[in-house]
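When you get a sec, could you build the whole thing from the sequences and use the hints?
Protein chains: 2
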Amino acid sequence: VQPPAQGGGSTLSSLLSSGRLSRYFILNFQSCSFSFEYICVFQDFDLAVIYVSDALYNRNIYFDTSPQAVRLYQLYNHWLPRVLVYFFILVDLSLALFEEPAVVPLPTWATMLVELLCLLVFTIRLGHYAKVIPRDKFWKDPKNICIILTLIDMIIYGALTATDCYGVRWSRVLRPLLLVNVTEGRQLRRAFRSIRNALPEIFYVFLLFMFSILTFSLMALKLLGKRGLKTIDGFPYFTNYLEIVFDLYVLVTTANSPDIMMPAYNSHVIFTVFFILYIFINTYIFMSAFLAVVFNNYKKYLKEEVRQLVKSKRHKMVRAFAILQERREEGGEPVVTQANWNQLVRLVQPGISNPHRELLWSVSDDKNQGFIGKLAFVQLADLLNIEVITLKSRPHPLQSLCPAFYLSAPSRLLCRLVEHRAFVIVYDLIILVNAVFIGLDEENPMISNSEWFFLALYLLEILLKLYVFEPRIFFSKHSFWNWFDTIIVISALIATIVNSALKSAGGYTSRQILDIVFILRVLRLIRVVDSIQRFRIIINTLIRIGPAILTFGQLILVVYYIFAMVGMELFKGKVRFYDENSSNPAKAYCGNSLLNESVFAKSNYCKNNFNDVVSSFILLVELTVVNQCSGFATVTHASARIFFVLFHIVVVIIILNIFVSFVLEAFYVEYSVDKGDLQTALEKKIEELELAVAQYVPVIMNTSCKDYARMFEADLDPEDFAENEDPEAQTNGNFSNPTFSSA
Amino acid sequence: VQPPAQGGGSTLSSLLSSGRLSRYFILNFQSCSFSFEYICVFQDFDLAVIYVSDALYNRNIYFDTSPQAVRLYQLYNHWLPRVLVYFFILVDLSLALFEEPAVVPLPTWATMLVELLCLLVFTIRLGHYAKVIPRDKFWKDPKNICIILTLIDMIIYGALTATDCYGVRWSRVLRPLLLVNVTEGRQLRRAFRSIRNALPEIFYVFLLFMFSILTFSLMALKLLGKRGLKTIDGFPYFTNYLEIVFDLYVLVTTANSPDIMMPAYNSHVIFTVFFILYIFINTYIFMSAFLAVVFNNYKKYLKEEVRQLVKSKRHKMVRAFAILQERREEGGEPVVTQANWNQLVRLVQPGISNPHRELLWSVSDDKNQGFIGKLAFVQLADLLNIEVITLKSRPHPLQSLCPAFYLSAPSRLLCRLVEHRAFVIVYDLIILVNAVFIGLDEENPMISNSEWFFLALYLLEILLKLYVFEPRIFFSKHSFWNWFDTIIVISALIATIVNSALKSAGGYTSRQILDIVFILRVLRLIRVVDSIQRFRIIINTLIRIGPAILTFGQLILVVYYIFAMVGMELFKGKVRFYDENSSNPAKAYCGNSLLNESVFAKSNYCKNNFNDVVSSFILLVELTVVNQCSGFATVTHASARIFFVLFHIVVVIIILNIFVSFVLEAFYVEYSVDKGDLQTALEKKIEELELAVAQYVPVIMNTSCKDYARMFEADLDPEDFAENEDPEAQTNGNFSNPTFSSA
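Protein chains in written order, with the numbering used here: chain E, 1 to 743; chain V, 1 to 743.
These are computed hints drawn from the structure, not numbers from a lab. A few of these clues could be false.
For the chain V half of the interface with chain E, some residues (derived, Cβ under 8 Å), not all of them [claimed, not checked]:
no.	residue
1	Lys222
2	Pro258
3	Leu277
4	Ile513
5	Asp515
6	Ile516
7	Val621
8	Ile649
From the derived model, a few chain E residues whose C-beta atoms are all more than 12 Å from chain V [to be verified]:
no.	residue
9	His128
10	Ala322
11	Gln343
12	Asp485
13	Lys572
14	Gly591
Cβ coordinates follow ideal geometry from the N, Cα and C atoms, glycine included.
So, in structure tokens, the structure goes:
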């Protein structure tokens, strides 16, 4: 797999020669003027459009086919209500910032009013949804329960606070579930379903793992409990069974290594055998086994999901075909005419360019017959999913304005220089020198002035490139690094000027502006990575898993939110942070005398608390990295550790392993999978049509970043895609409807 | 894949009904009396035997085919010299215990004498090897250099110590390389080669990873260095670039999280964004990327190795065939007769039972012709690799001695009871109750006496089983759990009796014996795992990767040994451990005033030092788990950290990832790969031949535990095994000789 077109911003020839683009194809469109043909108007044309766009965007809602329901469904899929719902989910989730314990306290009535508004929006959206889908399917949806439960909780809480009783807003843990259950959160729901499916297997390994920990703990109790050893804090060492179980569980996370071993090791070297065996079995063998089980199951179920998805996509395309089909001759195969096809494509993707559409048609209608059969029609959804950028290849504006100058020998020499490989190398060297200058002390006036010099060099680079390359190509949508460069350099210029102006005006230097200047300077260095081919491949793999990382980001947000809500109820106010300048004696023990002289307070962990939602999230991130929670067990009760163990199981054992599995699979695909058949066909067609240099330049983007589930398609057996060709399936094929299975 | 026969120790019927064995096959051997047939005596019969056994044991040494060289080669492969070499390698490695800094100090002349003896043995072995293989191949072997370098070092060191100069025994790091380079360490060498092949890919990801760390460090320096923040120990925070780089590298290993973040977090919450981003990119993304790259490359190269191995195995079998072949008729296909085949198999595997051999023949000679062609002959090596246990199914000795009693109704009822599923469940419950009793305080006389009750119950179980099942089957080679039970229970009985005797004799309780009693008691609990089917599958997967874990054990031993040697040279005596009862004031700072008030000394880490080889190994294990090394940088120089970073890169980033890759692959194979074709053919044959119950019961063991490389065979393309049938390849096919490529 070649790297996708990210370099951009060069003329065609230089792009081709530099190898920055995977391929570049030039088309000649013989029929550039669009001829209005006869379009057979079907009653259900709208329905066909919906089927095709559902297939295109992998939507799986089973809707009524009455014209009214179809119109409602179209509205349901409109971007505006979808964005609105997301916005209100965001508002609903961010209420945690303003509710007790709050970052910015707001009165209870205000937050509850906002929450009511959010619930109203969700209810309207649900009502809309209920109108679209068949009635009986609607009542199985768990969203309804979430909303009703939230309402009940709000009423109870309102009544309790009104009567000055203590109430717990327990329904707050349900909020992130809305994010999972909203029909738009398909990827997230799929990830949740994969986790649920993998749970039984994980559970058995987990039981064995717990058995191993319990057995080792029993052995530790018997071997070490009676020896009268003391921990570093002077407490008895390994005398309480449950404490041992917990300590050894934490040892699996490596958080208390080697502290937990030291008293035994100091007593006799032979006890290290016990700990080394323990770490080997539980940290290495079992943790790898967890990863292996999660990896295998996740792969297996995701594959099954993708298979279902592909199947239902095909069914939908077959339905659309059934609507649009005509018979050219008596008893002949049903076909779809080019006119209808054009109309359909224009309605499904209004933004599609004419050359792009005609290219797709020529791929579908291989024999140039003017109509296509079912098989060719069905692949339309996949064809539309292949991203083709059409760039107008036009001459540089300077060439049109002042050709004599632009095409003169010195100007052409300059162009050749800028397009030369050495130009990139020189600028990479400049960046490296710049890195050294950034590292040096900026108090030195020579060094702080050098910043102007480097800024000038970077500006010159951008101007030179703009002189050589056509500006619209340089700033095309996919030229990531050009945009990156320009924005960073211009921002740095502005920030540096503002900073100097402030300084010379009153000798005053804003720390914030300086910070921005520094960040921008350092970010500039990242560009070095792009000019080395090997790095670009790795970076591209990492970028390609971006959408998946977003899904995992949502997944982890849901889990963090739930744990943050529960954690705040359990631990709020137990640990307090005092400002550095505070003279309060409670500062030494985080405002809780139970923490006096504890490791928690001595390590200055007071800010790691559950006192508001931001602190909670940061603490949960820390817990994901290292499960360090001794302090919270001290201030509440030993059983508080259950919360932290549970968090470790959910986040580290399950979710992080799924994340690692995903990265593994992404790299595997990157190393081994070739382009899809259809993509190859499209590229071949583009090559075939390459008759002369024309106005439009379509560029095929690697599509695998579009949908991470695609990655698994390559792994699927071809026979799984065998089409169900019998007529029953076409008319009333009730494809499975994964959307309705609860997450 | 069904679980292999591990339950064992039951009569046939109970085994079949309990599902403890994957399959059980009963054979009727019509020709049990062996008829001496005409054996055509070939001159090169020995050579054929060697080819077949080389193919069987995957040996890849290219040897001379003169009769003398063949005899030398046979001697070279004899178990005695091989065991001797391993023994002397062990002696050579364990010299580190006696050399300065020593656990048990011995005079220099003594250790050097032993080392000379070891070198002598290795040289003899090498001389032998040189006689076997062609002369020119010999001189490429890196072993020779190791021995010569060691000799040179010994002379220099001897001279230096004689003149009272300070000498470094630098050749000690070469010692573990002998383990890699000895011809027997094939698996280990293969692992090393896989690592070496994966290095370029890892290197590029590593460069990017380092670039990321350096960039983040620069940003940290600029953002946090000028704010005058202090660490918890009062040092300036993030002001030195190299310190920042190191601290952030350690943060990747999660060892100093969240301590490294706290000063910034306490200053302003916004800085956590920097750290969270850093941890996300470097700890999660890059560490997963390392695993992915290692996983993919390791798989790829190991597959290639296995392909080579299978190819050369086939070549060797073809050569053996060329020696033994006869022509039945003029112009017919060359064949091998049954008599020659029998002779060959008996010489290759002297321990093979007659029924087993005849079974293999009947699989090879499918049409019962009395001779086999080349294709059938070539698969002999694989057939021999399938482990078939032949058990004599004979009646219980009590039945022969006293049939009236043994076959009486109460006796048969007892047998049925013991064979019943409930018997297992009852004993599992007893074990669980026992676990609770172990956990309780054994000072209570009721509880300490209960031990006798439980021991009696376990003894009863074993006796009952021995009553029901034939003892030789119960204690057969593969009945792991029966052996385990019996040994544990008998040892516990003996230890408990000895303990009681000591106690009642003089009121004296030996701590050591009590420890043994406790360990045995807890180990007994493990048996519960075997009675749950789901657990057994997981355990079997883990057991199946046992041989691979041994290879990794050697790999890690090599790496640890080298790092221990270097570490001892660098850090010996820098940190001292004082006994708990010592009143030396130096105890508070580990005998090094530089450590005064340091975290290292305060955490009581003094025993984590490089003062002898045992301490070094334990410290290296700790460093593998958590890279905590601040103390050693304090006592020597900041650059000492390079040692620890290097250790982390080699052990955690490369070797542990290979280990995880291996577990991943093992679970994948366990979940997805079916039995090999040959194994299926063998099982089918056994079923076909099932005509009556006979004396011998062959049991097919799952063979995948035999050689971990086999796991990958399933993944290989079938066309890779396409045989090279041309006559040139048979006579002078020079198969690649991976043994000679240096590791």
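In rising order, the numbers of the hints this structure does not comply with:
Failing hints, ascending: 3, 4, 6, 8.
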